[in-house]
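Student: Read off the chains here:
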Amino acid sequence: MADGLTAHAGPHGDGQAHHPDLQHHFQTLGQQQEAATLGMWIFLVTEVMFFGGLLMAYLLYRVWYPEAWVEGSLELNIVLGATNTVVLIGSSLTMALGVRAAQTGAQKATVGWLLLTMALGLTFLVIKFFEYREKWELNHIPGPNFTFEGPLAPQMQIFFSLYFGLTGLHALHMIIGFTLLSVIAWMAHRGRFTPEWYTPVELSGLYWHFVDIVWIFLFPLLYLVDRTH
Amino acid sequence: MLSGIPLFPEQASNFAPEVDNLYFFVTAVTAFVALLVVVLVIIFAVKYRDRTGEKVGAPIHGSVSLELAWTIIPFLVTMVIFAWATVVFFHMVRAPDQALEIYSTGKQWMWRFQHIDGQSEINELHVPVGRPVKVTFTSEDVLHSLYFPAFRVKADAIPGRYSSLWFTATKTGEYHLFCAEYCGTDHSGMIGKVVVMEPNDYQAWLSGGGGLSMAARGEQLFQQLGCVSCHLTDGSGRGPSLAGKYGAQEILANGVAVAIDDTYVRESILTPQMKLVAGYQPLMPTFQGLVNEEGLMSLIEYIKSLPSAGQPAAATQPSAATQPAPPPNPAPAGGGSQ
Amino acid sequence: MYYAIFGSLMALTATTVAVAFVNLGALNFPVALAIAILKATLVILFFMHVKYSSQLTKLICGTAFFFLIILFGLTLTDYLSRGWFVAPGGTAGAGTQLTIGPAAPPAGEPGAEAGEGEAAPEP
Amino acid sequence: MTTTVLPRVNYLNVKYGVASWLLTKDHKRIGLMYLVLVAVAFLLGGIFAAGVRIELTTPQGDFVSADTYNRLFTMHGVTMVFFVLIPAVPAILGNFALPLMIGAKDVAFPKINLLSWYILVIGFVFTVAAMLFGGVDTGWTFYTPYSSLASNSNVMLTGIGIFIAGFSSILTGLNFMVTIHRMRAPGMTWFRLPLFVWAIYATALVQILATPVIAITVGMLALERGLGFGFFDPRLGGDPVLFQHLFWFYSHPAVYIMILPPMGAISEVIACFSRKSVFGYSFVAFSSLSIAVFGFLVWAHHLFVSGISPYSAMVFSFLSFAVAIPSAVKVFNWTATMYRGAIWWQAPMMWVFGFLGLFLIGGLTGLFLASLGLDVHLHDTYFVVAHFHYIMVGGAIMGFFAGLHFWWPKMTGRMYSNSMATLSALLVFVGFNLTFFPQFILGYLGMPRRYHVYSEEFQVLNVLSSAGASILAVGYILLASYLFYSLVKGKPAGANPWRATGLEWTTQSPPLPENFEETPIVTEAPYQYSKREVNVG
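Protein chains in written order, with the numbering used here: chain A, 148 to 376; chain B, 115 to 452; chain C, 610 to 732; chain D, 829 to 1365.
Just chain A, same shape as in the assembly:
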């Protein structure tokens, strides 16, 4: 994907007929875009498997320790979790609109939607930070200082390990996505994109939606195990 993003750095066009963003080893701009998009999709496949290892651990221990899972989920703040879900899905919407704007060549709108997406992403991270801080104060961070009142403490530590593993990895992806978007927004601001070539916007959009999808699963898996008590 980085190649798509930095494609402007190496316009080796030997003839004027070439689009400035066409890299020398591609025949056409279409080929180049298709390659970049395909590369991004394949990258997302690896991301799915990346989360897969943690999710497998989640699945196993949820089957083994259902009571700990219920109790663990009750420890989490459902209001903040739900708010973050809304925020993140909202950011997916603005991202999709941003891609649409880039596609139609609306430069200002593109920048605007991208900035809005970043703002929502930041909101998510800030809320997440407060959630983490609360867990920190309660000594719910797994490790030697982990404390939990009750007979399920060891299993709760596994629950919180998975909670922090999964949401931490997700937050890391958010931070990467945020950085990516700030570069893209800057490029959009500089007028780097045209309706013929806006691949970087499209690719970072795919990435952002993927991060959103991960959260769509994490929210019910972690926060909504069983709230009937």
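I should point out that these hints are in silico values taken from the structure, not numbers from a laboratory. It should be emphasised that the depicted structure is a prediction, and the values quoted were computed from it without experimental measurement. Take the hints with a grain of salt, since some may be wrong.
[As the list claims (entries may be wrong)] Subject to a maximum C-alpha distance of 20 Å in a straight line, what follows is the list of computed SDA-like cross-link-like pairs (lysine to any residue):
{"hint": "1", "chain 1": "B", "residue 1": "K169", "chain 2": "D", "residue 2": "S1358"}
{"hint": "2", "chain 1": "D", "residue 1": "K1359", "chain 2": "B", "residue 2": "G167"}
{"hint": "3", "chain 1": "B", "residue 1": "K389", "chain 2": "B", "residue 2": "Q338"}
{"hint": "4", "chain 1": "D", "residue 1": "K1319", "chain 2": "B", "residue 2": "G167"}
{"hint": "5", "chain 1": "D", "residue 1": "K939", "chain 2": "A", "residue 2": "L176"}
{"hint": "6", "chain 1": "C", "residue 1": "K660", "chain 2": "A", "residue 2": "R247"}
{"hint": "7", "chain 1": "B", "residue 1": "K161", "chain 2": "D", "residue 2": "S1358"}
{"hint": "8", "chain 1": "D", "residue 1": "K1359", "chain 2": "B", "residue 2": "A172"}
{"hint": "9", "chain 1": "D", "residue 1": "K939", "chain 2": "A", "residue 2": "Q174"}
{"hint": "10", "chain 1": "B", "residue 1": "K389", "chain 2": "C", "residue 2": "W693"}
{"hint": "11", "chain 1": "B", "residue 1": "K389", "chain 2": "A", "residue 2": "W211"}
{"hint": "12", "chain 1": "B", "residue 1": "K307", "chain 2": "D", "residue 2": "E1284"}
{"hint": "13", "chain 1": "D", "residue 1": "K1359", "chain 2": "B", "residue 2": "Y162"}
Here the structure of chain A is known, so what remains is to put chains B, C and D in place on it, guided by the hints.
Tutor: Chains B, C and D in isolation, oriented as in the chain A frame:
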């Protein structure tokens, strides 16, 4: 044993001939295939050799029937091996009921064996010839693997749970005992010997050392740790009666049926709240740190030794009649049973 | 169209939160998962334009989930069948259920502290 | 001097200086840079192996201490698996040959390609640092709880190295997959692709799908070891066997990352030196894909005695037998390819003969280990060690050398000594068998692997094994010598010294920086040896 290069370890258990026969069969099949291919390659390489590099080969591109033949025939052959090997494996997994039980713990870097009658030994295991022996074992630290090459059996020792293996020794003598799962610095020193004895000699050996039997030691622990104050045999205590429960099934508070086996007893002592029997309050504290692996094994042996208190050990009637009757169908009871 | 998708996603989010407060017994987990899958599908199909993309993209999407299911499914063949063997004649071992038991301990007050005092070991 | 006959402009001399290499985006140069890196790692891993074999010549632990021995075999495994076998064929031969074979100017993402190399270097630096600071002693399998709770060696640093190196593999796979999808020359349809390309495609599939799982698993291990998180910790109720599941979900398919590309190279070489098209092209192509897919379904055959459910073991045993079939199909097809060929005994073909013999033994002994009843006895013994060395060295490394000797004239523009190469192949074949065949017997006798001190009755076979290892070492040193020598004194090879088909042989040796003067147009299936006179160039 040192004369020349041996090709096979000694056959000293009921499994050894089974495994070796399978081994010979697989060796024969694979050697046949290997020779077939190697001979063909050599024949082709010599017969069709072209020193000039100028000639071209015959225009042959493939043959679907040949492809199918060498896909299907090997598949069928492997299925024969698969079926045979699986039968042998399940024979190894299913210990006979009347097996002589021995407990063991592995830790860096030694094996400790505990006989039910009270004898215990380190890096040495005495067993009688001709009688099924089941070894139940766990690890106190990292993974180990209990391996008797002459018996062709092996299983990993995993901290936090029980593994088991069984064999019937068929030949008296001394054989290797290895740790097969890498466990740190002195992994290759975590070895010992298994001594197969005539039954009479074994009895003599057993009575030579002494102390209490495991069940008796388990009973002592049962008193010391206070288990006895709740787990009354008549079922009127705060905890379920344990008499005759080993090997039966219980319904848990969350509606799941579990078998009362070594692992369940162990878990119930260490994490009593995890799998609570339906109809009981979660009152029992954990005994983590208060009882070691051998103590756990003794407790298990004690619970095993408890005779059924005249009650049917049926799974649908997990608790004594004196308890507030837990509904047999747990689902509607829901949180009520807590 | 994006707004309509967003609206559906919001509605589904509200549903999944609401359903979490309803005791459906064993169904809570499947329902929550089904809603999450539905939401993810909407995002993939529309926000990520897969509905309008090439067969190859669709295939790649499918591949990811296919192999994820292989990872989960084949690992669970181990965990879900572990209980089968130890039970003498038993059918369902402890690990065979995937649902959250309806009789999970009540929140907050598992009664452990009380239990600690009452049934503490008296050597 | 004959150097003047080399093409005046080629990718090797178009630019000079260290920077022109370190900043290159040319897939051919990157391939050579991988070759250098892998050669260093191979030397390092070989030195560790030598230490292990010297120790094992006597039953007592008299050469090194137990701790040192444990570090030696661990670092041997880590280096060879993650820094030799995983990158060797896909990243060296794949990088060099793949774009040439499909008629592309470069891979799809040249910058990512260079980045992958740097990532591997960084991973290697971490791993070497771990070794310099005292090494790591967990075995390359890093089983918990030893690795997370007990070992006091540099697990973290090594883990970070492997985590980083994993991304190199992922990005290489991604790059190749996109390249094969999007960069084929006009007319290069899927069924005109050389079989090496099919093999690389199947490999890329495994790299993309399996590698992330090892990355996250190592990450979980690091969190558990470093911060006290609980994922596998039995004290918290975690399951150490889960680590093994996740580890082997990667590490079993990883074997196919190692073996599939050499299989592809074997198909190329066998067709060329038999002067025939590969027998059953589509069966060989699809067997690569089915090996890649089936390879994901068999991992728990490493866990038969690790405490998994016996029913699960049965399922995995069945699937393991199933994955043997496509490999067998390949061997039968290669053999059939030679039937009524015109077999030209050149060096690459000698390595193919060696490969066939060793891979056959390696593959067939896999059947023993897939058999449940036998695996109980054989698991974690030297039988396993011998089996996977037959696959990974006898198969993957021999196949890699077959490919390297085949494409060496294309890479460097020069020929090596054919007789030296034949001798080297012979030495490696003989030395290898002497080293590892005794280990099958040792394994059945019950000698556990990773033993520093062993029982005296195992000594004779161990001495044989160590003796074989020294022959093996001579074979490798010879190989390195004549290849180096050829760089300086080798005769110019010409565009097509083997008179092979395939697009890579239509351009000059060494190729132009942009590979072809003009984009080739493909009009026929590969391996048309019997049809027409091949361009001699």
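Student: Does each hint fit the structure? Answer for all of them.
Tutor: Here is how each hint holds up against the structure:
{"no.": "1", "hint": "K169(B) / S1358(D)", "verdict": "holds (9 Å)"}
{"no.": "2", "hint": "K1359(D) / G167(B)", "verdict": "holds (15 Å)"}
{"no.": "3", "hint": "K389(B) / Q338(B)", "verdict": "violated (24 Å)"}
{"no.": "4", "hint": "K1319(D) / G167(B)", "verdict": "holds (18 Å)"}
{"no.": "5", "hint": "K939(D) / L176(A)", "verdict": "holds (18 Å)"}
{"no.": "6", "hint": "K660(C) / R247(A)", "verdict": "holds (15 Å)"}
{"no.": "7", "hint": "K161(B) / S1358(D)", "verdict": "holds (18 Å)"}
{"no.": "8", "hint": "K1359(D) / A172(B)", "verdict": "holds (9 Å)"}
{"no.": "9", "hint": "K939(D) / Q174(A)", "verdict": "holds (17 Å)"}
{"no.": "10", "hint": "K389(B) / W693(C)", "verdict": "holds (17 Å)"}
{"no.": "11", "hint": "K389(B) / W211(A)", "verdict": "holds (10 Å)"}
{"no.": "12", "hint": "K307(B) / E1284(D)", "verdict": "holds (14 Å)"}
{"no.": "13", "hint": "K1359(D) / Y162(B)", "verdict": "holds (18 Å)"}
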